[in-house]
Amino acid sequence: MRAEFYAAAMLLVAASPALAAEADLDQARAMVMAALPEDCDATLADRLDGIANETYAVTWPETEYDGTPVKRHGTLFEIPCSLGAYNLGYAYVFAPEDDFLPMAIVSFATPDFVLDYADDTDTTLLQDPVVTGLASEMLLINPRFDPETNTITSFSKWRGLGDAWDSGEWTIDRGRFVLKRYVIDPIYEANLEAPKTIEGQQEFVLYQAETR
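For the sequence shown, the positions run -20 to -1, 1 to 192 when mature numbering (1 follows the signal peptide of the UniProt record, and there is no 0) is used.
There's no promise every hint is true.
[Said to hold, decoys possible] Pair by pair, the computed Cβ-Cβ distance ranges are: (1) T48 to R156: 16 to 24 Å; (2) T23 to S116: 20 to 28 Å; (3) R139 to E117: 14 to 22 Å; (4) A32 to V158: 23 to 31 Å; (5) E77 to L106: 44 to 52 Å; (6) Q188 to P82: 30 to 38 Å; (7) A98 to T23: 43 to 51 Å; (8) Q188 to D100: 27 to 35 Å; (9) E18 to V50: 34 to 42 Å.
Treat the hints as calculated values from the structure; they're not laboratory data. For each residue, glycine too, the CB sits at the ideal point set by N, CA and C.
The whole structure should be built from the sequences, with the hints applied where relevant.
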């Protein structure tokens, strides 16, 4: 009887971390669905193959006020939200292992910009894109998370051909996802008749963080 009780207790202990992780993922999904009810399909991951909720354990370095280097830990939840003809939107929830920082949906800083095309082919700009400020997005398009660099990279096609697009990079910095780089290609090359080629710049870096 004692051996059976011990075995059952060991199984419960082994299952506890998995149960806790599943509960945290459920909480993250619930937060996203509550915050973005019109943008997120709660059944997307269940209905479609190859699309799943993901959980990542993350670690990053910080420095204490006295100069002591420390390692911080947290969990990143990747929640699929929307599926278009050629773009898949995800939301992210971040949970630092810190009693003072609760689980929260990640807001991603993105440049706001305007474009001035020369004509309706959208193949030539009259001037470089103008950044008018910064916006905040809760959904990223076609993102991927690299646990080696703690970086999320997005790639949003402006149409199915993918000849015009934008891409951003956000990296964990002191427990926050900070914008590091944002690039756009606003030129719709496929609108040109072959064999004409595009002259001039096609890709524009709207933001590039300085390295320390």
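With 20 to 28 Å as the target window, see if T23 and S116 comply at their CB atoms.
holds, 27 Å
With 43 to 51 Å as the target window, see if A98 and T23 comply at their CB atoms.
holds, 44 Å
Is the distance from the Cβ of R139 to the Cβ of E117 consistent with 14 to 22 Å?
About 19 Å separates the Cβ atoms of R139 and E117, which means 14 to 22 Å holds.
Is it true that the C-beta distance of Q188 to P82 lies inside 30 to 38 Å, as the hint says?
holds, 32 Å
In this structure, is the beta-carbon distance linking A32 and V158 contained in 23 to 31 Å?
With a Cβ separation near 27 Å, A32 and V158 satisfy 23 to 31 Å, so the hint holds.
Within 16 to 24 Å or not, the Cβ separation of T48 and R156?
About 20 Å separates the Cβ atoms of T48 and R156, which means 16 to 24 Å holds.
Whether the CB-CB distance between E77 and L106 falls inside 44 to 52 Å
holds, 50 Å
Measuring from beta carbon to beta carbon, are Q188 and D100 in 27 to 35 Å?
At 31 Å between Cβs, range holds.
Hint says 34 to 42 Å; check whether the CB-CB distance for E18 and V50 agrees.
Roughly 40 Å apart at Cβ, these two residues keep to the hinted range, so it holds.
When the structure is compared with the earlier hints, no violation turns up for any of them.
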